[in-house]
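Here the protein sequences come in this chain order: Z and H. For the first sequence, my numbering begins at 1 and goes up steadily by one. For the second sequence, my numbering begins at 284 and goes up steadily by one.
It should be emphasised that the hints constitute simulated quantities derived from the structure, not laboratory data. All of these numbers come straight from a predicted model, not from anything done at the bench. Glycine included, every Cβ here is placed at the ideal spot set by N, Cα and C. The reader is advised that the hints may include incorrect statements.
[Unchecked claim] Partial pick of chain H residues on the chain Z-facing surface, computed with a CB cut under 8 Å:
hint, residue
1, A332
2, Q359
3, L623
4, T667
5, V817
[Said to hold, decoys possible] If you only want the chain H side, here are some residues facing chain Z, beta carbon under 7 Å, derived:
hint, residue
6, L446
7, V449
8, D660
9, A661
10, G773
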Amino acid sequence: MATVAVIETTGLTKRYGETAAVRGLDLTVDGGRIYGFLGPNGAGKTTTMRLLTGLTRPTSGSATVAGVDVRDRDQLGERIGYAPDTPPLYEKLTAREQLAAVADVRGIDREHKRERIPALLDRFDLDDADEPIETYSRGMKQKTSVVQAIVHEPDVVFLDEPTSGLDPNAARTMKTVLADLREAGTTVFLSTHVLPVVDELADTVGLLYDGQLLAEDDPESLKDALAGDSLEDAFVELTTNGHGATAAVTEDTPGDAGEGATGEGAGDPSNADGTPLDYSTDR
Amino acid sequence: MTARGGSVRERVRPALVASRVTVRQLLRKQYQSTLLLGIIVGFNVFLAALLSGVAGPGAYDLGRALAVGDGLAATQARDATLSGLVLVSVMHTLGAASDAKYKHHRVAFLTATSTGAVVTALLTRRVVASLTLFGPALVVAAVAFGAGTGVPVNALSVGLVSLWFVTATAVCTLPFGLAVNWLLAGYDLSGNARLGLGTVVLGVFYLALFGRRVIADLLSVTPVAWAGDLLLVGVAGGEADPLLAAGFALASLVAVAVTGASCVRLAEAAWFSEPGVADTDDESDRTLPDFGTGRLCGVVPSGRTAALVALTWRRTRRTPKVLFYVYPSAFVGFVMVERLVVNGPFTPALVPVVVCFAGGTAAGSAFTLNPLGTEGDALPTLLTSGAGAGRIVRAKAVAAAIPGGLVVVGLALGLGVGLAVPPAVLVATVVYAVALVALAGVLSQALGVHYPPDHEGLLGGSVTVPDKSASMLYTVGMVTVALPGFAGLGQYALTGAVVGPVLVAGVGSTVAAAVGGGVLSYRHAVGRLDAYSVE
């Protein structure tokens, strides 16, 4: 079955002065998939998500999400949902008020809103939906944030650490919801440090390192390629000994292992043409 | 010796480190922000011109008068000293109340070192910030004074003493700020209570600003008046008593030491207090979720715009501190009336005109002076909602204009009818009010979008109030547009005769400027919001 790419970036770059947070990112994510977006702290994951959600303007390169240029924030907003790592909520409102307000601002039909919000609140066990958000625990806020991101049934939903602060029951609910979203044809762009979640759910895993896509494959292939038992092993091997591992699997890899990626091109862990390393092929 | 010396050094070192880091942060913040730097330089230039005598009588003229033996000059210098002390003290107190709340800014230090070291850093930061804000202007004024007296050393003594006054007031006012924050932290006051408290503080500031002469007169019979002796000690003709000067110097040194020590105790109380039980205001908020927004939203055409308006109003009801800057604008109206009554010319017919100006300005000072900042953590929600920059700007303007317009037009109309103002003037007054209210909502946003959303809040929380400089710039813009109409309507108020051309030209100019300025402001705000990038 042919799949359609819903996220496409070409040479996407974001610079802050001399520092490049995202460097020439070429990414393609097919529709109706869960894309696990991994990377160590400071790799540029959050910046990438902000670029893809239109919150941050790219320095150069291009990106489309659901066919909309990310520079067109208004059109983009109609097609996406975003739950950043800091829950973007109005603390003085209750969860029910917050969701209703966002639904209204998004122009959701009143009847649909009346059905969908209670259903989502129930699904996520948001029992305190009529209490002010400022009284919520981190997990409660996280759940409210995710519900807010999917209330309008977007084509693509971007989730930054959605399981952060959730208890095991809530985390399980979240995983089920993500799987259900995929079943319904929604593309989920998932950034997290909780690797078992990605291992369990993601169809494709992309590993960002120093603003570039270091590796991209399905979880099993990635593990096989690096002879690891888990995604965690693969992550550690790639990000700790990234340059050495890179050199071991491809001769195309430029850079000097061990010198660190302090400048553009130095210790560059990707292929010479900037494309991510395809371990399954190389092996 | 070495052990004891080492011990002292170990005790002092954390305070030095914390101070160095804190001051470096402050200076870096000022240096890296063109806006902040511009405001500081602009304020100093303005103050220096005011104090030195470039703009009207100032330090140079005082110096000259003293040099020629003008007996009144010494009294004027003392009055000016006391007035300045009062103003700077109130400003410092206000700043302390807003700054001391930010315990989380100091958490890293508080968990690593003593409260005393952190308080030292906080005091050092306050002193450096004050000297940055006032220091250059005071030095220029001191030089002008020295030049006026013809004795260069006077510039040195007056300059040093002035800087000491700024330093001492910066230190001695911190306890008030900490005490306020101890109250807030200890009793977890509701937003409404905090707003009330903030309003009182701001009211005190304006009373001090406009009643500084009265306060100075009251203080002139207290030892605080010895500050004038210290400032003028050694200046020929200054009539300073060296004994009183020394007394003030010593007393201020002791005050600095004592308040520094008391700050540690107060800081411990304020920063480590467990929040008490919240008062019932927030609970009642939950039972009043609509705030009548449903009815008012009926006049807003688009459903999505109406939703944004309703959201703004609901949040304002729950977080009334975002209305904080409404009060200064409203207070400007009171002060205008007070000045007109005291100094003239004044007739009751001027009151509706003042209401239009002050009310219109106040309407734009609510939630539109920092449209990004008032969103708090929820800013990404708004920006990725697909609502569009135009709709967001329109919604905020409408949210300000509907209640503001109702109040201002209602008051102006009621006062006008009550004062039996002729129909033509009444119509002109209403047109004037509508024009100013309409402009206010977009002009404030055009300025507000230039401020980063993380501007330091006044009373804490994730929602920030507008920056003080935004309020100032906005008021200047509103005054510029309002002046012709004020003159046109004022002509009737003062003479009692309607001169059609004057009325039409005055109010017409304001309306034209409001329309033109409004369109430009709207476009600018939308463009800026559209291009906004979370960095």
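Closest C-beta approach of V449 (chain H) to chain Z relative to 7 Å, hint status: violated, 35 Å
Interface hint compliance - A661 (chain H) to chain Z, C-beta minimum distance less than 7 Å: This interface hint holds because 5 Å falls under the 7 Å limit.
Interface hint outcome for L446 (chain H) [beta carbon to chain Z under 7 Å]: violated, 36 Å
Interface hint outcome for V817 (chain H) [beta carbon to chain Z under 8 Å]: holds, 4 Å
Hint check, L623 (chain H) versus chain Z [nearest Cβ-Cβ separation less than 8 Å]: violated, 40 Å
Closest C-beta approach of T667 (chain H) to chain Z relative to 8 Å, hint status: holds, 5 Å
Agreement of hint A332 (chain H) with chain Z interface, Cβ distance less than 8 Å: With Cβ-Cβ at 36 Å, over 8 Å, it is violated.
When the least beta-carbon distance from D660 (chain H) to chain Z is tested against 7 Å, hint result: Holds, about 6 Å.
Interface hint compliance - G773 (chain H) to chain Z, C-beta minimum distance less than 7 Å: violated, 42 Å
Residue hint Q359 (chain H), partner chain Z, criterion CB-CB below 8 Å: violated, 51 Å
The structure fails to meet hints 1, 2, 3, 6, 7, 10 from the earlier list, while all remaining hints are met.
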